[in-house]
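Fit chain B to the known structure of chain A by using the hints.
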Amino acid sequence: MSATTRGTEPLTSPRTIAVLGNPNVGKSTLFNRISSARVHTSNFPGTTQDASVATNADSTIIDLPGIYALDLDTSESSVCRRVLKGELAPRGLEAHVPDTLLVVVDATNLMRNLTLVGEALALRLPTLVVVNMTDLAARKSIVIDTEALSECLGCPVVSCSARTGEGIQNVIEAMSDPRVPDRTPPTDLDALELWSEDIYAHVAAPQASVLHDRLTDRLDRAFTHPILGVFTFALVMTGFFYAIFKLAAIPMDLIDAWFGTLGGWIGSLLPEGAIRDLLVDGIIAGVGGTVIFLPQIVLLFFMLALLESTGYLARAAFVIDRVMRPFGLSGHSFVPLLSSHACAIPGIMAARAVPDPKDRLATILVAPFMSCTARIPVYVLLTGVLFPDRPSAQALAFTGCYVVGAIAGLLSALIARRTILRGRSRPMALELPSYRTPDIRAALMLTLDRAKVFLRKAGSMILAISIVLWWLGAYPHSDPPMQAVELREQAAVVVEGASELEAQADEIEARASVERSFLGRIGSTIEPVFEPLGYDRQLTIGVLASFAAREVFVSTMAIQITGSDDVEDDSIVERIATAQRDDGSPLFTPATSWSLLIFYILAMQCLPTLVVTAKEAGGWKWALLQLGWMSGLAYLGAAIAYRVVSIIG
Amino acid sequence: MPWGDWQFWIVTLAAIGALVWLVKLFKPRKKRSVRTSLTIEGDRPTRR
Chain A
2 MSATTRGTEP LTSPRTIAVL GNPNVGKSTL FNRISSARVH TSNFPGTTQD
52 ASVATNADST IIDLPGIYAL DLDTSESSVC RRVLKGELAP RGLEAHVPDT
102 LLVVVDATNL MRNLTLVGEA LALRLPTLVV VNMTDLAARK SIVIDTEALS
152 ECLGCPVVSC SARTGEGIQN VIEAMSDPRV PDRTPPTDLD ALELWSEDIY
202 AHVAAPQASV LHDRLTDRLD RAFTHPILGV FTFALVMTGF FYAIFKLAAI
252 PMDLIDAWFG TLGGWIGSLL PEGAIRDLLV DGIIAGVGGT VIFLPQIVLL
302 FFMLALLEST GYLARAAFVI DRVMRPFGLS GHSFVPLLSS HACAIPGIMA
352 ARAVPDPKDR LATILVAPFM SCTARIPVYV LLTGVLFPDR PSAQALAFTG
402 CYVVGAIAGL LSALIARRTI LRGRSRPMAL ELPSYRTPDI RAALMLTLDR
452 AKVFLRKAGS MILAISIVLW WLGAYPHSDP PMQAVELREQ AAVVVEGASE
502 LEAQADEIEA RASVERSFLG RIGSTIEPVF EPLGYDRQLT IGVLASFAAR
552 EVFVSTMAIQ ITGSDDVEDD SIVERIATAQ RDDGSPLFTP ATSWSLLIFY
602 ILAMQCLPTL VVTAKEAGGW KWALLQLGWM SGLAYLGAAI AYRVVSIIG
Chain B
33 MPWGDWQFWI VTLAAIGALV WLVKLFKPRK KRSVRTSLTI EGDRPTRR
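Respectively, the protein sequence lines represent chains A and B.
Each residue of the first sequence is one higher than the one before, counting from 2 in the numbering used here.
Each residue of the second sequence is one higher than the one before, counting from 33 in the numbering used here.
Just chain A, with the same shape it has in the complex (with noise of 0.2 Å):
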């Protein structure tokens, strides 16, 4: 490790502030409020916690996550410590110890709070107290005298509402000026409580309002009930799920337009030949398979951005606890296995937030057990084929194949905490915030940043992926068959037809360059292996196809059958639910198109996830893993779903 020094001379690196404070006191709304400058997500190295950086040409604001206090043996305490000894900052920035520390705490919970300030005093940094949400205490008809705080504290005190932007001025003010505390609060915890307990008596005129809290108390009883609070969970979900689902349909209608009209646009400016197919049958349709899913993410983001700053989330976590405790998982699991039906990438980020290491890990191996939205387009294609002209038992098949997907993940994750991450989890330690009025604002800014890290994460690996498999596709070329030449010669002299015959000629040839393809190959050497499952070669290579994103296995299965990739069309999805194979016999009967619908409930099918878990739970064995036991699980399922269903016919 090295050192420098700095000199006399004036400094010109900017000065850095660290924000720091317990969870829920409103510490990101603050920051948002303080930091017009750039804003940026950055890691830490070596951990898996992130931080929102925001820099200008004096400044560097680092908004540190959000702990109940520091000499706790958790991942957060401990980037909080090290940041503030001067051993860490996130990537990009040089560590040192922070200029400034910038404490903020919630005025309605103030006593709870100072023992995070006491600790913070004790660090002798220049520091600054921000007393919170004082919107909400003057609700409680709660008020905090600052002047006496900041005697007590022995530094600078100012209150603001970062809700609503009252006495954000004052902070960005006393920013410039903050003092090393000359007070020493005690070390030991339960000498810092008792001193907590003092310094709020002192400075703190409580007039709780009879109202409020029995409004509170009868929300709290409602949504933390074992058997009402689990109806109003389920209620809550089934609105934000229809929610998500609903409102979504509408951008990625227009998403997927909008990358056909660019594979058009772009085929007809160029010439024919490799760069174009490569151009628009891998790039512009691999990318655009996955970044027409990004607004059921940044809803799915928005909304739950949205629940949490109403203060609703931490109760549903803790009626979940119950829930999960007997799986092994704890309530702290509930947010990263909600997000992970949007997609198991933030899913797994978002199990940064859970406390224990085991919990976590168990989290992330099951995650992508929950059916995210790249299995949508497979949920859809073979529930049609099973029930068509059936839509309520559609629905109620896509209903069973979540269910389904939840089960297996909590199994699974019973299992894992049995066997190979045996031990006692915490329990969860959880302070339930006042109930909010919505942060929009805050919940926007997350939103953004979490569709970056989305379309940073997965559409890249995404773009190299479709660019491999389009290759191993698209080559060696083979003659067309004799077949498609015919059909050909006599579209060239008929009057009527001729593109029917011609449409017809593609299809064979677009089968027949799949078959001989380094992709149709690799797919006719390993069919063996699925033939237990019901599957031919063509399905065989649409689950290898989509081995790195399951959601390409519905166009691959539409190249090769139709000879397009436009599932949108309806006779396109129609002719692939009509299929054949090579013998004459159905492609999907009944028991290959339960056994695929299983095969793709319960596999992990998406390469962006491995390499995420391999990155979040430290290592590839983890990744393998997981890989391993939903393959495993996945083949097992298949297999016995199609022998259950070819016997009872």
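Misleading hints may appear alongside valid ones.
The calculated label-pair distances, taken between Cβ atoms and stated as ranges, are [what the hints assert, rightly or not]: (1) A:Val-495 with B:Ile-48: 42 to 48 Å; (2) B:Ile-42 with A:Leu-248: 39 to 45 Å; (3) B:Pro-34 with A:Gly-619: 40 to 46 Å; (4) B:Trp-38 with A:Ala-493: 27 to 33 Å; (5) B:Trp-38 with A:Ser-525: 26 to 32 Å; (6) A:Ser-525 with B:Ile-48: 20 to 26 Å.
Cut-off 25 Å, straight-line C-alpha distance, at most; resulting in silico cross-link-like pairs (BS3-like, lysine-lysine) [unchecked claim]: (7) B:Lys-56 with A:Lys-453; (8) A:Lys-622 with B:Lys-56; (9) A:Lys-622 with A:Lys-359; (10) B:Lys-56 with A:Lys-616.
Rather than coming from a laboratory, the hints here were simulated on the basis of the structure.
Keep in mind that this is a model prediction, so the values were computed, not measured.
C-beta atoms are modelled at their ideal positions from N, C-alpha and C, and glycine is treated no differently.
Leaving out everything else, chain B in the frame of chain A:
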């Protein structure tokens, strides 16, 4: 294989580049060392 087609070579190079990038992505990275500034009791020392 269309060895004589220049477009084939371009797309093949792109595929190789994508493959190399994917392999690099999979390979575990070495942890970078962290640079720190020397501080005394939270303040940067002055040069005498």
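Evaluation of the provided hints:
no. : hint                                : result
1   : A:Val-495 with B:Ile-48: 42 to 48 Å : holds (44 Å)
2   : B:Ile-42 with A:Leu-248: 39 to 45 Å : holds (41 Å)
3   : B:Pro-34 with A:Gly-619: 40 to 46 Å : holds (45 Å)
4   : B:Trp-38 with A:Ala-493: 27 to 33 Å : holds (30 Å)
5   : B:Trp-38 with A:Ser-525: 26 to 32 Å : holds (31 Å)
6   : A:Ser-525 with B:Ile-48: 20 to 26 Å : holds (25 Å)
7   : B:Lys-56 with A:Lys-453             : holds (22 Å)
8   : A:Lys-622 with B:Lys-56             : holds (17 Å)
9   : A:Lys-622 with A:Lys-359            : holds (15 Å)
10  : B:Lys-56 with A:Lys-616             : holds (13 Å)
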